[in-house]
Amino acid sequence: MTFYLQIVTAGLATGSVYALIALGIVLIYKCSGVVNFAQGGYAMLGAYVTYALTRLGLSPILALVASVAVMAVTGAATEFLLLRRMLKAPVVAVMMVTLGLLILFKAFCLAIWGPDQIAFPQLFPVGSVEMGGILVTYNYIAAAALSLLLSVGFLAFYRYTPMGLMQRCAADNGRAALAIGIHVSNQVSVAWAMSSALAGLGGSLLATLNSLSLGLSSIGLVAFPVIVLGGLNSLMGSLVAGLLLGVLEAVTDGVLTPALETYLRSHTAIYSVGALQQVVPYLLVGLMLMVRPQGIFGERGTERV
Amino acid sequence: MATLRKLAVPILFLVTMLASLTLGRFGAYLVHSVAIAAIGALGLNLLTGFCGQISFAQGALLGVGAYTAGNLGNAGWGIWAIVGAGVASAMTSLAIGLPALRLRGLYYAIATLAAQFILEYLFKILEPITNGISGLLIQPLKLFGRPVVGDQALAVLSLALLLAAYSFLRWLMKTNVGRAMLIVRENELVAKGMGIDVARTKIWAFVTSGFITGVAGAMIGFTTRLANPEAFQLSLSVDQVAMIIVGGQGTWAGPFLGAAFVVLLPEAIQRTGEAFDIARLLFALRDMAFGLLIILFLLFEPRGLSALLRRLVRWVSSLLPSTRTSVLTVKSHPSPPGDPNE
Numbered sequence: 001m002t003f004y005l006q007i008v009t010a011g012l013a014t015g016s017v018y019a020l021i022a023l024g025i026v027l028i029y030k031c032s033g034v035v036n037f038a039q040g041g042y043a044m045l046g047a048y049v050t051y052a053l054t055r056l057g058l059s060p061i062l063a064l065v066a067s068v069a070v071m072a073v074t075g076a077a078t079e080f081l082l083l084r085r086m087l088k089a090p091v092v093a094v095m096m097v098t099l100g101l102l103i104l105f106k107a108f109c110l111a112i113w114g115p116d117q118i119a120f121p122q123l124f125p126v127g128s129v130e131m132g133g134i135l136v137t138y139n140y141i142a143a144a145a146l147s148l149l150l151s152v153g154f155l156a157f158y159r160y161t162p163m164g165l166m167q168r169c170a171a172d173n174g175r176a177a178l179a180i181g182i183h184v185s186n187q188v189s190v191a192w193a194m195s196s197a198l199a200g201l202g203g204s205l206l207a208t209l210n211s212l213s214l215g216l217s218s219i220g221l222v223a224f225p226v227i228v229l230g231g232l233n234s235l236m237g238s239l240v241a242g243l244l245l246g247v248l249e250a251v252t253d254g255v256l257t258p259a260l261e262t263y264l265r266s267h268t269a270i271y272s273v274g275a276l277q278q279v280v281p282y283l284l285v286g287l288m289l290m291v292r293p294q295g296i297f298g299e300r301g302t303e304r305v
Numbered sequence: 001m002a003t004l005r006k007l008a009v010p011i012l013f014l015v016t017m018l019a020s021l022t023l024g025r026f027g028a029y030l031v032h033s034v035a036i037a038a039i040g041a042l043g044l045n046l047l048t049g050f051c052g053q054i055s056f057a058q059g060a061l062l063g064v065g066a067y068t069a070g071n072l073g074n075a076g077w078g079i080w081a082i083v084g085a086g087v088a089s090a091m092t093s094l095a096i097g098l099p100a101l102r103l104r105g106l107y108y109a110i111a112t113l114a115a116q117f118i119l120e121y122l123f124k125i126l127e128p129i130t131n132g133i134s135g136l137l138i139q140p141l142k143l144f145g146r147p148v149v150g151d152q153a154l155a156v157l158s159l160a161l162l163l164a165a166y167s168f169l170r171w172l173m174k175t176n177v178g179r180a181m182l183i184v185r186e187n188e189l190v191a192k193g194m195g196i197d198v199a200r201t202k203i204w205a206f207v208t209s210g211f212i213t214g215v216a217g218a219m220i221g222f223t224t225r226l227a228n229p230e231a232f233q234l235s236l237s238v239d240q241v242a243m244i245i246v247g248g249q250g251t252w253a254g255p256f257l258g259a260a261f262v263v264l265l266p267e268a269i270q271r272t273g274e275a276f277d278i279a280r281l282l283f284a285l286r287d288m289a290f291g292l293l294i295i296l297f298l299l300f301e302p303r304g305l306s307a308l309l310r311r312l313v314r315w316v317s318s319l320l321p322s323t324r325t326s327v328l329t330v331k332s333h334p335s336p337p338g339d340p341n342e
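Residue numbers (the working numbering), protein chains in the order written: chain G, 1 to 305; chain C, 1 to 342.
Honestly, the hints are just simulated from the structure, not real lab data. Misleading hints may appear alongside valid ones.
Below are the BS3-like pairs computed for lysine-lysine, each with C-alpha atoms no more than 30 Å apart in a straight line [what the hints assert, rightly or not]:
#1 Lys-124/C with Lys-88/G
#2 Lys-142/C with Lys-124/C
#3 Lys-192/C with Lys-30/G
#4 Lys-174/C with Lys-192/C
#5 Lys-88/G with Lys-30/G
Extracted from the complex, chain G is given alone in its bound form (with noise of 0.2 Å):
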């Protein structure tokens, strides 16, 4: 029972970091129907930039918080310098111009960091608590917290501040926003910088869950099922999807990867399923997309002719 246990408190401290980086995605998708395909890109850059930072000799916390701010300068003037350009291009243009970015980055950090593994800057103190008989990590619980505190604080900035109504506004119907005064623009430029500044978190916490590589930048593909599970123009819904996939990940690499190789081994001749929890997000998206499209939270849009 403990082992399920942990399995599952794992997974739900991941869950919750894909939550806060699908979140971003979903925030821009909204305001302005752009994909952000680089949105792995910019948790894999925040994360090196914190590490940057604590190689210059800030304290961790301070060097996660400079991060952030510096992440959330980069996606502001992403959408200054490039997307406010591409108001007229076609959707697919911009969601192409967001997968130029992921390759930038990808190759900017290797220019700099190189291919190698890096050992992530220690955050939060070392150690662990006993929880109902399991014991987790620091690491585990403030990632956890952090993400959890940020996704619930995030949605209510976007429910009750006078800035997440504009937000809103942007969002619901860009032309009737424009029309009472709204700088729409200005909007999604406030819509990048937090959804870049949440990815950089999400980038950091997740290096310190395991450790800092350009691999990081594939956490935008696992967000991608989230966003779907969740309804692609739900925020709440990707937070309880991204945590559904956490805990769903954990338990097929834990649990259910062990025991169908057992089955296969002693029945066929394959011996080993591969990396299965990297594919069960997709399984499950084929199956969502064919029940409910609109996923588990989002609406089901309507269209004029």
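Start from chain G and add chain C according to the hints.
Frame of chain G; chain C shown alone:
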């Protein structure tokens, strides 16, 4: 004049084919790399450019083609291995497309992303067919009992297949099915209103695009002579999407220009890098330039290289004192100021 224009494309192909026979190994290698990439891009362009379905499973579909061609070729199927690869990829493309028939636009794109990852995973674990991570060794393609080896021969074969794919698509887009695809791209609801069977039209697009992609995949298999999972990852899909977007979606020149750009650019940067002796940073610089150029490109010409080419041709012809342009300027009515078409 009209017949000359009709013949221009086959003549261009013939000249390139003959030229690639005289090229050295490296030149011929570049020719077949670009030609094979262009076949794949033509397939994707049918689906994305003409029918409006963005796909990120192109890399995996190329993989299905390569693995099928490899297995069939090793079993002695000869030229039929290429056909078999096309059929296998067409079936896979259909299998991805069928459940996605209800989905539109972005959701379809994400469904293909899921398919890409699932297929990548299958390449790794279906060891009896794919030989797992170590990869499947592929014997040279046998044509009329003789193995096709050497870059020159491969270049000629690739160009022939490219011409076949291009002519077929040209024909297809003149049929009712082809025209229906264009309307489905513009607006599915309008297409339905006009009595077009949207599902059937999309199925045609999936199958045809899949077949052409499978042929390209087979040629990748026969040129590299090794199919391993790492060669058919998402980055290959991204490369293919980049080709048609950089080249110009839904244009005829687009896939060719895009394939040349995406394949030749890394080669050019590699050559330049070697000249400056910065081999260590080369890989990073290559990707950096690739990413940066895609971004800059789309920023300044979102309609791609083919639009740029058209502008260039117009600019050059405006410089030349040609009778045709002068006739056109006399005949055309000067548009009033404030014309919405300006």
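Violating hint indices (sorted, rising): Per hint list: single violation, 1.
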